[in-house]
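A.B. asks: Produce the entire structure from the sequences given, and follow the hints as far as they go.
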Amino acid sequence: MQNSKDPDGCTYKQCSVGLLRGPRCRRPIHKSESNKRTKIRTNVNRLVEEYCSHSTIHGMSYIGSKRRSLLERLWWISVFVLSVYGCGMLIEKIYQKWTNTPVIVSFDERPLPVWMIPFPAVTICPEAKISSKHMNFTEDFYRLINYDQSWEPLDDNRRNRLLAVLQICDDFFHYNENYPELYAETNHRVDVVGILRHLSVNVDHTILSCWINGRECNNLFTETLTEEGICFTFNGFSTYDMFRDGVLHNDYSYLNEPKNVTDWTVEAGYKPDENLSSHPIRALGSGFGAGLTMQLMAAEDNIEQHCREQQGFKVIVHPPSEYPQVTKKFALVTYSRDVTLAIHPVIMKTSAELRSYHPKRRHCYFNHERWLKFFRVYTQSNCELECVTNYTLKTCGCVKFSMPRSAGTRLCQTSEIGCVLQAEYKMLKHSAKRRLQKLQTYDTACDCIPECISIQYDAEITHSKCDFKKTLELRYGPINPPVREAIWKKQISKLAVYFKDVQFIASKRTELYGMTDFIANCGGILGLCLGVSLFSVVELLYYCLVHPMLMMKKSLGGKRKVAIVRECEGNRF
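In this text, residue positions in the sequence shown follow UniProt numbering: the first is 1, and each later residue adds one.
These are computed hints drawn from the structure, not numbers from a lab. Backbone N, C-alpha and C fix where the C-beta goes; we use that ideal spot for every residue, glycine too. Errors might be hidden in some of the hints.
[What the hints assert, rightly or not] Below, simulated DSS-like cross-link-like pairs (lysine-lysine); rule was C-alpha separation at most 25 Å, straight line:
| hint | residue 1 | residue 2 |
| --- | --- | --- |
| 1 | K426 | K329 |
| 2 | K328 | K373 |
| 3 | K489 | K133 |
| 4 | K465 | K426 |
| 5 | K394 | K429 |
| 6 | K259 | K373 |
| 7 | K500 | K469 |
| 8 | K329 | K429 |
| 9 | K489 | K470 |
| 10 | K508 | K349 |
| 11 | K494 | K469 |
| 12 | K494 | K329 |
| 13 | K465 | K433 |
| 14 | K429 | K328 |
| 15 | K133 | K328 |
| 16 | K66 | K39 |
| 17 | K360 | K97 |
[Stated by the list, open to error] Computed Cβ-Cβ distance ranges for the label pairs, DEER-style:
| hint | residue 1 | residue 2 | range |
| --- | --- | --- | --- |
| 18 | R46 | S69 | 18 to 28 Å |
| 19 | M116 | E369 | 21 to 31 Å |
| 20 | K470 | G397 | 46 to 56 Å |
| 21 | N136 | W371 | 24 to 34 Å |
| 22 | H249 | H368 | 56 to 66 Å |
| 23 | V48 | E267 | 31 to 41 Å |
| 24 | R37 | L71 | 42 to 52 Å |
C.D. replies: Quick look at the structure:
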């Protein structure tokens, strides 16, 4: 009750008209705090009793019924709590399954013919890389290490050539503790790629003959810069299709393929038309006759066992969109051998319903989801190459000449190639340790998980020994004696690459356990243990939100009328 005085000394009291007894107030008209709490408690109890009596959840009517004894109500409360706990445990297992294994890999519904996919890119790397008429590696190396003190030391030109060639020789020359000190370059920069291109054998001295789809293909092999020097690639991507614009340096090119991709993409495949002259090339069928056949040759004078231990031709069969990495995977075609590679395509597709999934859940990236700095098309191999490049730059402060780099990035000198080789091993070791510790699997490998739509080529290799020089001598010797003399100075091998079957079954990622399955399983468990349905959830929300608001509005709806009572100090009315 509020009091106030006027100038005459009278006190005014505010009283509820309905509670006023007599001319003035004798008792407080507002309810105390204890009365408010009692009313709130009463309303809450009434709300709980009403919910328990009308709820569709099993057991709630027994818990809220006052006709039940305390022991019975405790029994049903215990049963309800155990049921809720069991539901929580089962739903947690379902959630883990939905989170960790939402994708299943199965076979596609229909087989695909081989002419619906590109023929693999084939990269040939001759082990006899250096032309003997330009350089004698063994002699120059012995002069560098001062093997015979009577020899004159190397001049700057020959020293630079030797240092450039040493970068593509075996690891032996870079792990020997005595050699790197001898490799220290002078202050001027060595043009490694320019020297290698000048000294290397060209494609005409490597590919003797080549046929595919009934036509010659010698002119379809172009230079590719790899970690082992100059190689030759058939059916690969051009620089425009492989690399992004404006990110590479302008010192030299990595790919010399002149043809850009036409009528084909990695995710959509070939366009449904009758154009068979698109790039990349596709085979017209399966079997030896529909594949790529070639004769490889190497001049005996160019064969150098000092620089490289292996002899022959390294062959890499890879997707056209993938930059070839010789040290990752190759098949060695030795001299005087007939080697056939029966290709079985391994294609992985991903259904459209998985596009809304996070890449970590489906364990793959679509091309638009993973941005590579240098490469235009995302593949796991391209990502790993870029990762190794970044790790090497961070560890050694430079990159190898074959690694993609931006303008201003320093090229490693020959004395630093040992650091380049160790950098990749350190990165792999660090990544393996993280996997063993059950941390993020691909974190140290720049998150290089597989691509969602990929093409790989498995090969069944067969080889036999053949004397091609004898065959060619019998065929061309009588009619063309100069050819006979030229053949005897060559080492010749034969290689054939073809599709094993005319059709194949692709693999496909599909949704194993989606949102609908998760909700259905959760609803089944809740219905079995508690009788909970969607209507029960709506009912619970009603009694927790809507009904209390209505009760509050009703209690605050009536307004009190206030009367003012005048009471003087001297005279009381």
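A.B. asks: That 31 to 41 Å hint for V48 and E267 (C-beta), does it hold up?
C.D. replies: With a Cβ separation near 58 Å, V48 and E267 fall outside 31 to 41 Å, so the hint is violated.
A.B. asks: Measure nothing beyond the straight line between the CA atoms of K328 and K373; if it is 25 Å or shorter, mark the hint as holding.
C.D. replies: holds (21 Å)
A.B. asks: Between K494 and K329, is the straight-line Cα distance small enough, at 25 Å or below?
C.D. replies: Given pair K494, K329 holds - Cα atoms ~20 Å apart, limit 25 Å.
A.B. asks: Quickly compare the C-alpha distance for K489 and K470 to 25 Å and report which way the hint goes.
C.D. replies: holds (12 Å)
A.B. asks: Could you check the hint for me, namely that R46 and S69 are 18 to 28 Å apart, CB to CB?
C.D. replies: 21 Å Cβ-Cβ, so the 18 to 28 Å window holds.
A.B. asks: Has the given pair, K465 with K426, been kept, meaning a C-alpha gap of at most 25 Å?
C.D. replies: Answer violated: K465 to K426 is near 40 Å, above 25 Å.
A.B. asks: Does K133 sit within 25 Å of K489, going by the straight-line distance between their CA atoms?
C.D. replies: holds (14 Å)
A.B. asks: K133 and K328 were given as a pair; does the straight-line alpha-carbon distance stay at or below 25 Å?
C.D. replies: violated (31 Å)
A.B. asks: Under the criterion that the straight-line Cα-Cα distance not exceed 25 Å, is the pair K508, K349 satisfied?
C.D. replies: The hint holds at about 5 Å.
A.B. asks: For the pair we were handed, K426 and K329, check the Cα-Cα distance against 25 Å.
C.D. replies: Holds. K426 to K329 sits at ~20 Å (cutoff 25 Å).
A.B. asks: Keeping to a limit of 25 Å between CA atoms, is the pair of K259 and K373 held or broken?
C.D. replies: holds (23 Å)
A.B. asks: For the pair supplied as a hint, K465 and K433, confirm whether the alpha-carbon distance does not exceed 25 Å.
C.D. replies: violated (44 Å)
The structure fails to meet hints 4, 7, 13, 15, 21, 22, 23 and 24 from the earlier list, while all remaining hints are met.
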